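Q: Put chain B on the given structure of chain A with help from the hints.
Top line first, the protein sequences correspond to chains A and B. For what it's worth, this note's numbering labels the leading residue of the first sequence as 1, then goes sequentially. For what it's worth, this note's numbering labels the leading residue of the second sequence as 1, then goes sequentially.
Rather than coming from a laboratory, the hints here were simulated on the basis of the structure. It should be emphasised that the depicted structure is a prediction, and the values quoted were computed from it without experimental measurement. Treat each hint with caution, since some may be false.
Stated by the list, open to error - Okay, the calculated bits of chain A under chain B, using three or more residues with CB under 8 Å as the criterion: (1) 78–87; (2) 118–130; (3) 145–153; (4) 177–187; (5) 253–260; (6) 275–281.
We treat Cβ as the ideally placed atom computed from N, Cα and C, and that holds for glycine.
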Amino acid sequence: MSPKPSCAPLAAPAAAPRKAPRAWPPANALIGATLLMALILLALLGLLWTPFDPLRIDLLSRLQAPSAVHWLGTDEFGRDVFSRLLIGARTSLWISLLAVSCAVCAGTVIGMLAGYLRGWTDRLLMMFNDALLAFPGILMALGIMAIIGASQYGIVLALGIAYTPSVVRVVRGSVLSLRELEFIEASRVIGNSELYTMFRHIAPNCLAPLCVLATSMFGWALLSESALSFLGLGVPPPAATWGNMLASSRPYIASASWLGIFPGLFICLALLAINLFGDALRDRLDPRMRK
Amino acid sequence: MLRFILQKLGMALPTLLLISLMVFALIRLIPGDPALLMLGDMADPQSLADMRRNLGLDHSLVTQFLIWFKAVLSGDLGFSISTREAVLPLILERFTVSAGIVLVAVLLATLIAVPVGLLAAWKQNSALDLGLVMSATLLLSIPSFWLGLLLLYAFGIKLGWLPVVGYVSFGQDPWQALSYLVLPIVTLTLVEVGAITRMARASTIEVLRLEYIAHARAKGLSESAVLWRHALRNAFAPTWTLVGLILGNLLGGIAVLETVFTLPGIGRLMVDAIFARDYPVLQGCLLLITFVYVLVNLFVDLLYPLFDPRVKL
Numbered sequence: 001m002s003p004k005p006s007c008a009p010l011a012a013p014a015a016a017p018r019k020a021p022r023a024w025p026p027a028n029a030l031i032g033a034t035l036l037m038a039l040i041l042l043a044l045l046g047l048l049w050t051p052f053d054p055l056r057i058d059l060l061s062r063l064q065a066p067s068a069v070h071w072l073g074t075d076e077f078g079r080d081v082f083s084r085l086l087i088g089a090r091t092s093l094w095i096s097l098l099a100v101s102c103a104v105c106a107g108t109v110i111g112m113l114a115g116y117l118r119g120w121t122d123r124l125l126m127m128f129n130d131a132l133l134a135f136p137g138i139l140m141a142l143g144i145m146a147i148i149g150a151s152q153y154g155i156v157l158a159l160g161i162a163y164t165p166s167v168v169r170v171v172r173g174s175v176l177s178l179r180e181l182e183f184i185e186a187s188r189v190i191g192n193s194e195l196y197t198m199f200r201h202i203a204p205n206c207l208a209p210l211c212v213l214a215t216s217m218f219g220w221a222l223l224s225e226s227a228l229s230f231l232g233l234g235v236p237p238p239a240a241t242w243g244n245m246l247a248s249s250r251p252y253i254a255s256a257s258w259l260g261i262f263p264g265l266f267i268c269l270a271l272l273a274i275n276l277f278g279d280a281l282r283d284r285l286d287p288r289m290r291k
Numbered sequence: 001m002l003r004f005i006l007q008k009l010g011m012a013l014p015t016l017l018l019i020s021l022m023v024f025a026l027i028r029l030i031p032g033d034p035a036l037l038m039l040g041d042m043a044d045p046q047s048l049a050d051m052r053r054n055l056g057l058d059h060s061l062v063t064q065f066l067i068w069f070k071a072v073l074s075g076d077l078g079f080s081i082s083t084r085e086a087v088l089p090l091i092l093e094r095f096t097v098s099a100g101i102v103l104v105a106v107l108l109a110t111l112i113a114v115p116v117g118l119l120a121a122w123k124q125n126s127a128l129d130l131g132l133v134m135s136a137t138l139l140l141s142i143p144s145f146w147l148g149l150l151l152l153y154a155f156g157i158k159l160g161w162l163p164v165v166g167y168v169s170f171g172q173d174p175w176q177a178l179s180y181l182v183l184p185i186v187t188l189t190l191v192e193v194g195a196i197t198r199m200a201r202a203s204t205i206e207v208l209r210l211e212y213i214a215h216a217r218a219k220g221l222s223e224s225a226v227l228w229r230h231a232l233r234n235a236f237a238p239t240w241t242l243v244g245l246i247l248g249n250l251l252g253g254i255a256v257l258e259t260v261f262t263l264p265g266i267g268r269l270m271v272d273a274i275f276a277r278d279y280p281v282l283q284g285c286l287l288l289i290t291f292v293y294v295l296v297n298l299f300v301d302l303l304y305p306l307f308d309p310r311v312k313l
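So that you can see chain A by itself, here it is in the shape it has in the complex (with noise of 0.2 Å):
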């Protein structure tokens, strides 16, 4: 009997079979790609317009429910619930989009400078690097919290210090694999130098890994964000994200429950369509999930 190499480790995607398509696209990246484009829309829609000025307030309409002027009710200063929610989709998207890019810039760095360097280089990073992922992502936001103090940018800078850990194994792996084969080694004999190789040649084909990586990192990024928010460690109020809104709502859970449900639907939206898009493009992408 010969060995079925149906359970092969990753092949690095350059040597993988092309297949033939299969139907593109699946129901989960329809449902996904349509869902995240709304949010997107919406959050896009309250950069120009909202249909109330989302921090101003008016103590004589408080704590209203969702009614034909006030579509999803008012919270406790007589605030607009629904255009908090949009103003809080463009922060939230936002600052999870930034957090995520700085991550994948400084890891693909490091990572590629680890994996092309390899010897001690290589080891130390790795060291430092394995130390760093020890720390529950989360763990480390709150640590770094706590030295800059709740800002925005601080957020920013949080989330995409501690996402950076994962790009750099990410592809650092990739890297690895791909520089020994050939049409590496054929761009190193043709005269081309280190660095060129490096980003003509192995960036692009250590796309594939990365997107699979920052789509499931900008899910982590929109709950981390609102979990901070939530605890009163993110986006100060009285600007309005879905996490600072949620953690408002909480004294009036009994009375107006309205306050506690969009964010939280928002946020979970928000997730499912990130969550639905990233399972379809895993399953494209990664050749081990293919049927």
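A: For chain B alone, coordinates are given in the frame of chain A:
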């Protein structure tokens, strides 16, 4: 076997050392006099001078770290600025509250999720599988603090079955303690069932494609024997690793849940310490949680060969 254990321990030690270094650096990174940070604004000049000498502030950073690390190793984590309590007993007491909740929730989640994931993988691409995967993804997407609020609203306020605010320890009154802990545990279990189900399903699908499963089927074994006796063992190994990671992450992120249910756990203690600028307590919490995280993962690694016989020592 001994070599394997020593090797794993050898990998954990530098990690623990680096973590201590980072927690030490945390206080030094905050602008201001570390002695003042450790004692608070109300400290008198005499105790400040004592603290400066104890921290070794007139020596090099290396010496300062060694002084601090020696104290940590002997269990001396300093005193809380706000309550003047010794840090170590305080964080240990709060830690047991959090650890109990997390352990029970992860155990329940594993017991539910692994059979469900196995079932979904066995019926791969059927309507049942699709339904289970969708439910798992949905559960995975619900933030624990929102689910907690919703459950609190439903069972605490609308139905009035369970108390909304408070905590009683098991030693005082087991039944009452249970009534306070049911909702947090159910919340965490539901959230983690999603992640573990997906992992168990994915790894079972990979295992079911292997030849030894075809062989087991060809031998004429019943499907349940194939699944439970042959597939489960190999499929559980990656899930087991995930369970270890989840345990650690939950301990790190438990603060939000403890805030929702007003539980006196270590997460809440840490967040309160951040607000109160109670740096000795913050350092203690960070150290304890990360040490436990590393040890849990070490323990998971050491038990791994039990579940995956292919990893021979």
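Q: It remains to establish, for every hint, whether it holds in the given structure.
A: Going down the list of hints, with the structure as the test:
1. 78–87: Not satisfied, violated; 0 residues make the cut.
2. 118–130: With 3 residues closer than 8 Å to chain B, the segment 118–130 of chain A meets the three-residue bar; holds.
3. 145–153: holds (count 3)
4. 177–187: Per the Cβ count (0), the hint is violated.
5. 253–260: holds (count 4)
6. 275–281: The restraint on the segment 275–281 of chain A holds, since 3 of its residues have a Cβ under 8 Å from chain B and three suffice.
Of the numbered hints stated above, those contradicted by the structure are hints 1 and 4, listed in ascending order.
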